[in-house]
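Engineer: Chain by chain, the residues run as shown.
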Amino acid sequence: MSADDQPGLYVESTIIMTTVRVVSPFVLTFALFVMFHGADSPGGGFQGGVIAGATVMMLAFAYGIETTREWVDVRVIAALASGGVLTFAAIGLGAIALGGNFLQYNEYLFIYEEASKYGIELVELGIGAIVASVAIGLFLLAAGYGHVVDGEGGEA
Amino acid sequence: MVEFETALLAVAGAFVVFAVVALYRVFAGPTTFDRIIAVNVVGTNTVIAIALVAGAFDQSVFLDIALVYALLNFLLSIAFSKFTVERGGVL
Amino acid sequence: MTVPDPHRLLVPVDDSVTVRNTVAYAIDQAETLRRDGDAPVELHFVVVPGTRAVDPDAPEELGAATDLLDRVAVWTDEDFGGDPPEGLSVTLEVVGADRYLFSPGDYADVLLEYAADRDIGRAILDPEYNPGGAAPMLRPLEIELARNGLEVEEAPVEREARQTVLARAATLPKYLSVFAASYLFYLLLSPWKPLDFFTGAITATLVSALLAPIAFSKQPSITRVPVQLVRMTIYVPYLLWQIALANLHIAKVVLHPSLPIDPTVVRYRAAVWGDAPVTTLANSITLTPGTLTISVSDRAFNVHSLTDNSRDDLEAGGLERAVRFVFYGREAAAIASPGERDDCEEVTYDG
Amino acid sequence: MTPLEWAIVALAAVGAFFGGVAAVGIVRLPDIYTRAHAASKSDTLGAVLALAAVALAIQTDLSTIKAVFLLLFMFLTNPTAAHAIARAAEDQGIRPWAAENREGDP
Chain A
0 MSADDQPGLY VESTIIMTTV RVVSPFVLTF ALFVMFHGAD SPGGGFQGGV IAGATVMMLA
60 FAYGIETTRE WVDVRVIAAL ASGGVLTFAA IGLGAIALGG NFLQYNEYLF IYEEASKYGI
120 ELVELGIGAI VASVAIGLFL LAAGYGHVVD GEGGEA
Chain B
0 MVEFETALLA VAGAFVVFAV VALYRVFAGP TTFDRIIAVN VVGTNTVIAI ALVAGAFDQS
60 VFLDIALVYA LLNFLLSIAF SKFTVERGGV L
Chain C
0 MTVPDPHRLL VPVDDSVTVR NTVAYAIDQA ETLRRDGDAP VELHFVVVPG TRAVDPDAPE
60 ELGAATDLLD RVAVWTDEDF GGDPPEGLSV TLEVVGADRY LFSPGDYADV LLEYAADRDI
120 GRAILDPEYN PGGAAPMLRP LEIELARNGL EVEEAPVERE ARQTVLARAA TLPKYLSVFA
180 ASYLFYLLLS PWKPLDFFTG AITATLVSAL LAPIAFSKQP SITRVPVQLV RMTIYVPYLL
240 WQIALANLHI AKVVLHPSLP IDPTVVRYRA AVWGDAPVTT LANSITLTPG TLTISVSDRA
300 FNVHSLTDNS RDDLEAGGLE RAVRFVFYGR EAAAIASPGE RDDCEEVTYD G
Chain D
0 MTPLEWAIVA LAAVGAFFGG VAAVGIVRLP DIYTRAHAAS KSDTLGAVLA LAAVALAIQT
60 DLSTIKAVFL LLFMFLTNPT AAHAIARAAE DQGIRPWAAE NREGDP
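Protein chains in written order, with numbering that gives the first Met the number 0: chain A, 0 to 155; chain B, 0 to 90; chain C, 0 to 350; chain D, 0 to 105.
Hints listed in this document are in silico derivations from the structure and should not be mistaken for laboratory results. Among the hints, erroneous ones may be present.
Okay, the calculated beta carbon distance ranges per label pair [as the list claims (entries may be wrong)]:
#1 Thr-204(C) <-> Tyr-23(B): 42 to 50 Å
#2 Val-15(B) <-> Leu-121(A): 51 to 59 Å
#3 Ser-81(A) <-> Leu-247(C): 34 to 42 Å
#4 Tyr-23(B) <-> Glu-77(C): 18 to 26 Å
#5 Glu-150(C) <-> Val-15(B): 22 to 30 Å
#6 Arg-70(C) <-> Val-15(B): 30 to 38 Å
#7 Leu-247(C) <-> Ala-27(B): 46 to 54 Å
#8 Ala-88(A) <-> Thr-204(C): 45 to 53 Å
#9 Leu-171(C) <-> Leu-121(A): 52 to 60 Å
Simulated coverage check for chain C against chain A, where a stretch passes if three residues somewhere in it have a Cβ under 8 Å from a Cβ of chain A [stated by the list, open to error]:
#10 199-210
#11 233-242
On the chain C side, residues computed to face chain D include the following (Cβ under 8 Å) [as the list claims (entries may be wrong)]:
#12 Val-73
#13 Ser-176
#14 Leu-305
If you're wondering where the values come from, they're calculated on a predicted model, not measured in any experiment. For each residue, glycine too, the CB sits at the ideal point set by N, CA and C.
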């Protein structure tokens with residue numbers, strides 16, 4: 000192909016990048032805060048997970064999708080999702096093992112007086128991990144539509 | 000005491016009215032950019048209205064919602080700037 | 000009506016950033032077809048002028064259309080190295096100039112009519128094709144064309160994007176400062192129960208591990224950052240004062256019955272360097288009197304200003320001086336204003 | 000009402016005024032760039048004033064800090080958002096409206 004002049008080079012905006020860079024640690028902190036405080040405020044694992052996912056999307060919009068795809072390892076996403084499921088299942092089934100119902104937190108009270116609260120937090124964290132990884136995964140998948148997926152990310 | 004909270008609610012109502020006024024631009028366009036900048040204003044006004052309601056009822060949990068809404072509003076704008084600019088490119 | 004011939008290519012062109020590459024690709028395809036088969040190949044470049052072609056400013060629209068076709072003609076000459084070879088003909092045409100076109104469907108109708116008249120069986124589309132201006136055009140157009148038996152293909156031209164490094168090398172000061180900021184923020188949000196100190200530590204660890212490589216572009220310096228923060232606290236009241244002035248100004252203009260605005264774009268080379276100063280200055284410009292940063296490349300800001308006196312403010316360079324003071328210290332503030340340096344020029348958009 | 004409450008109401012009311020300017024500007028101004036002026040400046044100031052009022056008004060311990068964070072967040076992101084949209088518009092080749100074509104444009 001003999002087109003010498005490439006279409007105008009697109010450069011990411013410094014302003015957007017810097018703003019996102021400054022804001023992102025606080026947004027992620029807020030996401031985790033929401034995850035940990037599901038019991039006594041509006042929020043919880045689902046909302047926190049979505050905000051955490053939004054942090055990654057924000058980076059992707061500022062820095063470019065491909066750059067972010069390289070940064071976010073597919074295996075990390077897969078590990079997050081499966082780790083979340085495992086936490087959820089372990090806490091839930093643990094209660095059954097102790098003679099209660101699925102996710103019956105007060106079965107754990109013999110360990111420590113506030114154990115049921117920690118149980119809830121752990122489950123929220125698990126849900127948050129699942130939601131965040133699914134949100135990021137879906138986003139990268141949708142953004143990569145039409146691109147050749149290289150490597151063996153298929154099993155994720 | 001009652002007066003003061005009513006005043007805050009009234010201001011919140013005013014912001015909602017302004018959001019509705021800005022909706023005219025979302026409707027009229029003419030370009031997508033005009034619509035998005037108007038949506039951004041609607042979003043900002045929504046955040047302020049939620050925050051004012053939080054102040055009026057002294058409900059700090061509403062502030063969390065406003066914070067998330069502000070985040071989404073920002074996300075919308077930069078996402079949009081990406082989607083229009085990079086057709087045939089990165090997206 | 001005869002059977003559509005896939006050796007006849009329809010290429011709708013429009014003044015987009017990728018039009019040159021699309022033309023090159025179409026010519027490439029036509030060449031391949033000609034070499035592979037013995038059937039004559041026809042290449043049709045068509046321009047569909049904008050929606051107002053029957054309006055009073057139609058001559059202008061049509062002029063733009065023929066200009067574009069002239070450019071396409073030059074490009075085809077370039078790519079063929081002269082006239083098109085034997086068995087390959089190039090047609091350049093303006094179509095649909097006699098009617099109003101609104102939706103992608105209307106454009107598709109015009110193109111389909113043209114294609115049917117000349118038994119065209121294949122279309123190559125520019126990925127940035129968007130003659131209507133605002134509404135996204137490509138996808139609906141593709142569907143419309145394909146539904147009427149045209150073989151549709153999107154020219155594989157990618158707009159090149161320069162990517163920036165996302166994560167940089169992370170060092171201990173970076174981790175520590177992100178950890179501290181995150182932990183502080185978490186504690187300020189939380190109700191200070193014993194558990195919060197623990198979950199806050201987990202959160203801050205996670206956040207610093209993930210985002211410390213991103214949050215800074217330069218190494219944070221223990222000595223410089225506090226000084227800059229102190230100077231920032233001096234800058235903020237000044238900025239707030241400027242913002243208040245700006246808003247009174249805007250309010251006056253916007254609420255004035257005759258809307259006294261005279262917008263121009265000024266290209267402005269600011270004497271600041273680095274991400275943080277540039278962003279501070281750009282956002283400050285956006286927030287203050289009648290100016291709005293449109294784009295930044297290297298050191299040049301494209302600033303859109305609403306009225307004349309806001310342009311003068313920009314040339315006086317008060318904000319630039321203040322930002323230089325915040326990031327580089329007091330000596331750096333005392334340099335010539337952009338107006339004196341001759342670093343402002345008006346950008347004109349020609350016809 | 001106490002003086003503090005008067006201050007809160009005054010802040011909120013001035014904020015509402017600028018919010019109104021932003022809304023009117025969005026509707027009245029002729030093109031995307033001028034509208035971005037209204038959206039970035041007036042709406043940011045409106046937001047900052049109204050949120051300052053909320054920060055003063057809210058009584059629960061640390062909620063004031065939350066309102067301040069919201070304020071800072073808006074202050075930082077609003078101009079960036081306006082810039083992002085204006086930049087996209089410029090990139091797509093939308094020309095700024097100029098005073099000469101005052102008659103031609105609606």
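Engineer: A separate judgement is required for each hint: does it hold in the structure or not?
Structural biologist: Here is how each hint holds up against the structure:
{"no.": "1", "hint": "Thr-204(C) <-> Tyr-23(B): 42 to 50 Å", "verdict": "48 Å, holds"}
{"no.": "2", "hint": "Val-15(B) <-> Leu-121(A): 51 to 59 Å", "verdict": "40 Å, violated"}
{"no.": "3", "hint": "Ser-81(A) <-> Leu-247(C): 34 to 42 Å", "verdict": "57 Å, violated"}
{"no.": "4", "hint": "Tyr-23(B) <-> Glu-77(C): 18 to 26 Å", "verdict": "48 Å, violated"}
{"no.": "5", "hint": "Glu-150(C) <-> Val-15(B): 22 to 30 Å", "verdict": "52 Å, violated"}
{"no.": "6", "hint": "Arg-70(C) <-> Val-15(B): 30 to 38 Å", "verdict": "51 Å, violated"}
{"no.": "7", "hint": "Leu-247(C) <-> Ala-27(B): 46 to 54 Å", "verdict": "28 Å, violated"}
{"no.": "8", "hint": "Ala-88(A) <-> Thr-204(C): 45 to 53 Å", "verdict": "25 Å, violated"}
{"no.": "9", "hint": "Leu-171(C) <-> Leu-121(A): 52 to 60 Å", "verdict": "30 Å, violated"}
{"no.": "10", "hint": "199-210", "verdict": "holds (count 8)"}
{"no.": "11", "hint": "233-242", "verdict": "violated (count 0)"}
{"no.": "12", "hint": "Val-73", "verdict": "21 Å, violated"}
{"no.": "13", "hint": "Ser-176", "verdict": "18 Å, violated"}
{"no.": "14", "hint": "Leu-305", "verdict": "5 Å, holds"}
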